[in-house]
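Protein chains: 2
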Amino acid sequence: MSLLFDVSATSDGGGRRGELTLPHGKVQSPVFMPVGTAATVKAVPQDVLEKLGNSEQGTGNSDGGGRGAEIILANTYHLYLRPGHELIRSLGGVHRFMSWTRPMLTDSGGFQVFSLAKLRKITDDGVEFRSHLDGSKHFFSPEHSMEVQIALGADIMMVFDECVETPASWERTRDSMGLTHAWAARSRAYWMEHRHEVPWTRKGPASRAQGPESSEPSGPWGLNPEPSFEGKHQALFGIVQGGMYADLRKESAERLVEMDFPGYAIGGLAVGEPREVTREMIARTLEILPKDKPRYVMGVGYPDEIEEYARMGVDMMDCVLPTRAGRHGLLFIREDPQDRSSAVVRLNIKKQDNAADQRPIDEGCGCMVCRRYTRAYLRHLFASGEPLAGTLNSIHNLNFYLETMERVRGELAVREAARS
Amino acid sequence: MSLLFDVSATSDGGGRRGELTLPHGKVQSPVFMPVGTAATVKAVPQDVLEKLGNSEQGTGNSDGGGRGAEIILANTYHLYLRPGHELIRSLGGVHRFMSWTRPMLTDSGGFQVFSLAKLRKITDDGVEFRSHLDGSKHFFSPEHSMEVQIALGADIMMVFDECVETPASWERTRDSMGLTHAWAARSRAYWMEHRHEVPWTRKGPASRAQGPESSEPSGPWGLNPEPSFEGKHQALFGIVQGGMYADLRKESAERLVEMDFPGYAIGGLAVGEPREVTREMIARTLEILPKDKPRYVMGVGYPDEIEEYARMGVDMMDCVLPTRAGRHGLLFIREDPQDRSSAVVRLNIKKQDNAADQRPIDEGCGCMVCRRYTRAYLRHLFASGEPLAGTLNSIHNLNFYLETMERVRGELAVREAARS
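Quick note, the sequences are listed as chains A and B, same order.
The number in my numbering is simply the position in the first sequence, starting from 1, with 20 added.
The number in my numbering is simply the position in the second sequence, starting from 1, with 20 added.
Next up, chain A with everything else stripped away, as it sits in the complex (with noise of 0.2 Å):
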């Protein structure tokens, strides 16, 4: 099973720069995905989303903003609990819920039954776990994740797997393996069956314009042709799991590759480990996923961290710490700002040396916020809990880690040609 990726380069350490063609558009990789937990990426509307980034050679916006972000993840566990995925299924899917027409990944729900549910009782069909939210009883099973998932209708799906705790030994990581294969094996088995259930097809809101009371067109859909979605549908991503030992690691990626996914991701990472831990297994597992398939390590992480996996050759990350760090004033930048290749700096913007600052928050980036607003400004914001803070942090975070990655494809791509 395969999925279109193009692979126009690849360095000496194994980055690669590619590109992912999915139902809702292209994705230009190394990417890293903002996280829209609960259908929204956090204090940040869906028009500045598509905007974040610099301005690059002729696919920027005209309004002076970058390519955007060019997927999103949305959290399956959330979703199912709120609104519930059958409601987003007669929306016509959470592209439309919540109006973003470009590129999706939903998780399983895995990870959040392990870490936010309570009182779960694991077997080897699937996991029951009483809501954090208001105690309710439910029941996650793979085929019921999948179904979850395709109700939901993300471009990418990923397999239910099970979520060791850390640490953990080498027994325990290797049972809880053995349930991860084979909850990845119905949850492939499931997705075979149903994937042509996709929710794309209804109609959904943002045509509403469209019919004959109006020729104007209207929202997202409508400024953007409807998309034909005809023969296309959702991909589903087998994760690597095997905890923090380099042969169980090896041994999962074996087992996943064998049963034939359109893509790989790695999971069960930064979860604690020291970073040389993480970084070890990363390279144990990239080595035996196949090479035109894309990789994706989920969960990570600092801005320094996604660069030094991009360069390793990981295609696909996801992290909440650029949205989430920015609601709690901590703000990324470059320690030089004119070397965007510098070491990453955080900026505590609630300090009182701030107060006064009429700096902007890295004065080497082009994002909208440090165009127009002071550190002087922003401190005020946070101090005072305006809610604007939120916003502004995490515009400028994300910004920064889509920059990064803007710049590692450049690099990654300029050595390609100067090789050629």
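Be aware that a few hints might be false.
Which copy is meant is left open, because identical chains are indistinguishable; a pair holds if it fits in one copy or across any two.
Unchecked claim - Cross-link-like lysine-lysine pairs, in silico, DSS-like; alpha carbons within 27 Å at most:
no.	residue 1	residue 2
1	Lys62	Lys371
2	Lys62	Lys370
3	Lys157	Lys370
4	Lys71	Lys270
5	Lys71	Lys138
6	Lys371	Lys157
7	Lys313	Lys270
8	Lys311	Lys46
9	Lys62	Lys138
10	Lys252	Lys313
11	Lys313	Lys46
12	Lys252	Lys311
13	Lys371	Lys311
14	Lys370	Lys311
Because the hints were derived from the structure by calculation, they are not lab data.
Dock chain B against the given chain A, drawing on the hints supplied.
Coordinates of chain B only, in the frame set by chain A:
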């Protein structure tokens, strides 16, 4: 004393189509002014404020927005306490501090001292009070309010007035009014002596990219050429008090007109009295106020009220209602979406019957929220406590208010054109 105020049309009912020329730009009246209490219109970024309203022939933004908010308010009491007026003065005034290039108005702090602060002690000289933030002790006199407002540097300042409790006896109201008149005279004297002390000429942060290091324009002052404030200064408006007593309102208006202000506000209304009383007090006061100067009713009101008062001849209004209601999930719509003059209805987005509603908030509204998002999505955001809910709801409500004023302005202008 006058500022440039051109009235181009007056309806039979007294409604006026006008234009104010202020140091930071022109304002079409009648106008509704969004409230930016702490130098931020809560949850709404400045670039969105600049694009609010419907696209008007030849005046809209190229990206489909309207002329935006042409003037906004900030609260002197809040900015005095946090971050402090001396800091804002040192940064070039509140315009530069919040990166807002268009006109602004500051209130005197009087209303907040009487409604928010604790342990007030009022003498003829001024008011001693304790901060609602930390209990610290402060003193506001007419002179001190002027000093703070000059540091903030809004285009229009307000005299420091006493706000009487509601209901208040005729005698109590008369005595309070006497104090307000004495304070108005002292405010005016201080302003006459110090109004050259505007902070506008100091170079602020937005000039950062205009130095020799970079020729690229940056920020709102970079994109728009630095305005010249040569010979320009802040205006000061008097405030008519007199409670709910027509004879006192008349006396107050006459006394203030004798003092000669560039504009006049009507204060102390919409504090719990029946709407007929509000209307009556406004009507009686407008009779006395000079026709060639702007008239401002403070702190009103619902969308149908601002329309009614605009048609009576009120030129300026402000209210926290659109943003505060928005944050509480209350959205203003028209009963008949295709008839923008039809009754105003309040939609409670939280209600279950919005859960699967694929319509926009208001099918006849052209705001960026109604063009893109459904009631179902907005209900989900609100029910999930997502910060984007407050932002999108506030944007719609502000747009509703600005669209209402646009329509009234258009009708006033058309009426005059038909007559001539």
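Hints, one by one, checked against the model:
| no. | hint | verdict |
| --- | --- | --- |
| 1 | Lys62 x Lys371 | both (24 Å within a copy, 22 Å between copies) |
| 2 | Lys62 x Lys370 | both (20 Å within a copy, 19 Å between copies) |
| 3 | Lys157 x Lys370 | between (41 Å within a copy, 24 Å between copies) |
| 4 | Lys71 x Lys270 | neither (39 Å within a copy, 55 Å between copies) |
| 5 | Lys71 x Lys138 | neither (38 Å within a copy, 46 Å between copies) |
| 6 | Lys371 x Lys157 | between (44 Å within a copy, 25 Å between copies) |
| 7 | Lys313 x Lys270 | within (17 Å within a copy, 80 Å between copies) |
| 8 | Lys311 x Lys46 | within (19 Å within a copy, 61 Å between copies) |
| 9 | Lys62 x Lys138 | within (24 Å within a copy, 36 Å between copies) |
| 10 | Lys252 x Lys313 | within (18 Å within a copy, 65 Å between copies) |
| 11 | Lys313 x Lys46 | within (15 Å within a copy, 58 Å between copies) |
| 12 | Lys252 x Lys311 | within (23 Å within a copy, 67 Å between copies) |
| 13 | Lys371 x Lys311 | neither (46 Å within a copy, 50 Å between copies) |
| 14 | Lys370 x Lys311 | neither (45 Å within a copy, 49 Å between copies) |
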